[in-house]
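J.: The listed protein sequences correspond, in order, to chains A and B. Anchor point for the first sequence: position 239 equals 239 in the UniProt record's numbering, and the numbering is continuous, going up by one each time. Anchor point for the second sequence: position 150 equals 150 in the UniProt record's numbering, and the numbering is continuous, going up by one each time.
What the hints contain is simulated information worked out from the structure, not anything from laboratory work. Ideal Cβ positions, reconstructed from N, Cα and C, are used throughout, including at glycine. Each hint should be verified, as a subset may be incorrect.
Derived coverage of chain A by chain B (criterion: at least 3 residues anywhere in the stretch with Cβ under 8 Å from a Cβ of chain B; other residues may be distant) [unchecked claim]:
| hint | stretch |
| --- | --- |
| 1 | 153 to 163 |
| 2 | 166 to 180 |
| 3 | 251 to 261 |
Stretches of chain B that chain A covers, calculated by requiring three or more beta carbons in the stretch to come under 8 Å of a beta carbon on chain A [what the hints assert, rightly or not]:
| hint | stretch |
| --- | --- |
| 4 | 78 to 90 |
| 5 | 101 to 113 |
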Amino acid sequence: MTRLGGALLRWPLLIVLVILWEVATRAAGSAFFPPPSTIVTRMHALWFSGPPGRLFLTDQAVADILPSLGRMAGGLAGGATAGILLGLALGLSSRAYDYLDGVLQFLRAIPPPALVTVFLVVFGFGMRMQLAFIMFSIIWPVLLNTADGARAVEPLYLETGRAFRLSRRERVLRIVLPAALPKVFAGLRLALSLSLIVTVFAELLPGTTNGIGFQLTVAYSMFNLPAMWAGIVLLGVLGYLLNEVFLVVERRVLGWHHARETAGA
Amino acid sequence: MLEIENLTHIYGGGGPSAHHAIDQLNLSVAEGELLCIVGPSGCGKSTLLRSIAGLITPTGGRIKVDGELVRQTPDNLAVVFQDYSRSLFPWMSVADNVALPLRRKNMDKKRRREAAAEALESVGLSGAGRKYPFQLSGGMQQRVAIARALAYRPTLMLMDEPFGSVDAQTREDLEDLVLKVRGHHKMTIVLITHDIDESVYVGDRVVVLSKAPAHVVADLQVDLPSPRDQINTREHPDFVHLRAEVGRLVRGQPVAH
Numbered sequence: 001m002t003r004l005g006g007a008l009l010r011w012p013l014l015i016v017l018v019i020l021w022e023v024a025t026r027a028a029g030s031a032f033f034p035p036p037s038t039i040v041t042r043m044h045a046l047w048f049s050g051p052p053g054r055l056f057l058t059d060q061a062v063a064d065i066l067p068s069l070g071r072m073a074g075g076l077a078g079g080a081t082a083g084i085l086l087g088l089a090l091g092l093s094s095r096a097y098d099y100l101d102g103v104l105q106f107l108r109a110i111p112p113p114a115l116v117t118v119f120l121v122v123f124g125f126g127m128r129m130q131l132a133f134i135m136f137s138i139i140w141p142v143l144l145n146t147a148d149g150a151r152a153v154e155p156l157y158l159e160t161g162r163a164f165r166l167s168r169r170e171r172v173l174r175i176v177l178p179a180a181l182p183k184v185f186a187g188l189r190l191a192l193s194l195s196l197i198v199t200v201f202a203e204l205l206p207g208t209t210n211g212i213g214f215q216l217t218v219a220y221s222m223f224n225l226p227a228m229w230a231g232i233v234l235l236g237v238l239g240y241l242l243n244e245v246f247l248v249v250e251r252r253v254l255g256w257h258h259a260r261e262t263a264g265a
Numbered sequence: 001m002l003e004i005e006n007l008t009h010i011y012g013g014g015g016p017s018a019h020h021a022i023d024q025l026n027l028s029v030a031e032g033e034l035l036c037i038v039g040p041s042g043c044g045k046s047t048l049l050r051s052i053a054g055l056i057t058p059t060g061g062r063i064k065v066d067g068e069l070v071r072q073t074p075d076n077l078a079v080v081f082q083d084y085s086r087s088l089f090p091w092m093s094v095a096d097n098v099a100l101p102l103r104r105k106n107m108d109k110k111r112r113r114e115a116a117a118e119a120l121e122s123v124g125l126s127g128a129g130r131k132y133p134f135q136l137s138g139g140m141q142q143r144v145a146i147a148r149a150l151a152y153r154p155t156l157m158l159m160d161e162p163f164g165s166v167d168a169q170t171r172e173d174l175e176d177l178v179l180k181v182r183g184h185h186k187m188t189i190v191l192i193t194h195d196i197d198e199s200v201y202v203g204d205r206v207v208v209l210s211k212a213p214a215h216v217v218a219d220l221q222v223d224l225p226s227p228r229d230q231i232n233t234r235e236h237p238d239f240v241h242l243r244a245e246v247g248r249l250v251r252g253q254p255v256a257h
């Protein structure tokens with residue numbers, strides 16, 4: 001009910017804001033700030049005027065959007081898998097955690113763009129560098145949240161597992177991991193939004209020939225401001241949709257957790 | 001079945017903050033017996049249970065289950081903890097919770113499911129397998145924990161204040177449930193409680209522990225007629241007499257003979 005009410009309020013507000021944006025940009029008449037109607041027309045022309053058989057996607061859309069999503073998915077999958085595995089290992093060994101906590105907090109605190117030159121030196125320009133850069137950027141929230149979750153597992157859960165003689169592997173897979181899952185998902189959600197940011201950042205670098213970031217660079221260099229704005233709006237829409245998909249998955253996987261919290265247990 | 005010799009446990013390794021929980025405790029439990037252990041709060045009852053279950057290593061003495069020295073959790077031993085809300089796994093359905101320990105028993109998935117359904121039926125929860133623990137009341141959750149122990153087919157079941165967190169009516173139902181399942185499954189039960197009436201009502205034998213460091217103060221046989229009944233048993237003169245005696249022992253008062 002509240003969700004429905006929220007959704008009903010959300011759309012009128014958005015529409016009012018877009019109308020205000022339209023009026024303001026038209027009144028200003030600045031070439032740097034095209035009105036939203038121009039941006040949407042350009043988005044349609046650029047990406048969504050293809051044949052119906054291809055879901056209306058143009059060749060340009062395939063060249064811009066798919067490579068970005070691919071890099072993002074690859075980096076996210078690699079970084080999240082590594083983050084969960086290392087986080088579990090770290091959370092299960094309090095000694096390792098004590099030793100490494102400071103180092104990890106230090107590494108996490110470095111803004112990824114500051115390290116981009118290091119990645120260029122090691123990997124050169126291109127896909128390998130981009131993937132490594134995305135993985136490195138998003139691994140920290142996943143790793144640290146997973147380690148936190150694995151450390152905070154209710155002791156009686158573990159004692160129950162031991163009392164029923166579950167093997168160590170079973171205790172990790174069936175008790176520690178599910179118990180840490182709410183924390184893991186908190187980390188994954190941060191990683192998801194971060195991955196879109198660093199993917200676009202990596203695509204702004206030389207040596208890229210496709211992707212939304214590349215499209216932005218091209219539009220900017222040709223002083224094609226409507227196309228640049230189209231890219232920016234597209235990124236906003238993508239980020240929103242990805243987050244919505246993530247929430248659907250989370251609600252499925254963590255149903256027990258949310259239901260339990262609402263039940264007040 | 002269970003033999004405890006000179007069991008001693010000190011937490012904190014002898015420093016100034018060390019806590020002497022158990023001191024030179026001797027106890028033996030025969031096959032098929034239902035032994036209740038009572039004692040004042042904080043006397044080391046849970047330490048004793050965790051030592052028997054192999055969850056902690058006592059600092060001194062020996063524990064044998066079926067003649068085998070306990071080093072880790074023995075085979076065929078199941079534990080029912082007091083805090084069901086933190087001993088059942090909230091991310092698993094009730095049936096999965098009950099079936100989980102059966103993974104160690106070399107049973108295939110189908111047989112694990114059947115055994116879980118059967119155990120749930122024997123605690124009166126036939127239809128609840130697909131629910132999640134948080135959807136059940138406290139008493140029902142503790143029934144699930146008991147079903148999990150039963151499905152495991154233990155020869156020794158340890159219960160750590162199993163009814164300490166439920167209301168009085170539910171507590172009586174669960175006491176009778178223990179007596180019932182005990183009749184069906186031939187097993188030895190050690191039940192720890194701080195409730196004096198409960199120990200006399202449920203037990204074949206009641207062992208009273210001193211306050212910490214715990215040792216055995218008294219070992220009393222309960223010869224009440226079977227089957228026990230919440231109304232009749234509790235008004236039986238032997239019950240009234242015995243509960244008074246246990247009560248005095250727990251409080252450390254002299255016993256009149």
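J.: For every hint, state whether the structure bears it out.
T.: Structure-based check of all given hints:
1. With a cut-off of 8 Å between beta carbons, the stretch 153 to 163 of chain A has 7 residues touching chain B; three or more are needed, and the interface restraint holds.
2. Counting residues of the stretch 166 to 180 of chain A whose beta-carbon sits less than 8 Å from any beta-carbon of chain B gives 7, enough to reach three: the coverage restraint holds.
3. Counting residues of the stretch 251 to 261 of chain A whose C-beta lies closer than 8 Å to any C-beta of chain B gives 4; at least three are required, and the coverage claim holds.
4. Only residues whose beta carbon comes within less than 8 Å of a beta carbon in chain A count, and the stretch 78 to 90 of chain B has 9; three or more means the coverage holds.
5. For the stretch 101 to 113 of chain B, the stated coverage by chain A is satisfied: 3 residues place a CB nearer than 8 Å to a CB of that chain, which reaches the threshold of 3.
Figure legend: structure checked against the earlier numbered hints; every hint is met.
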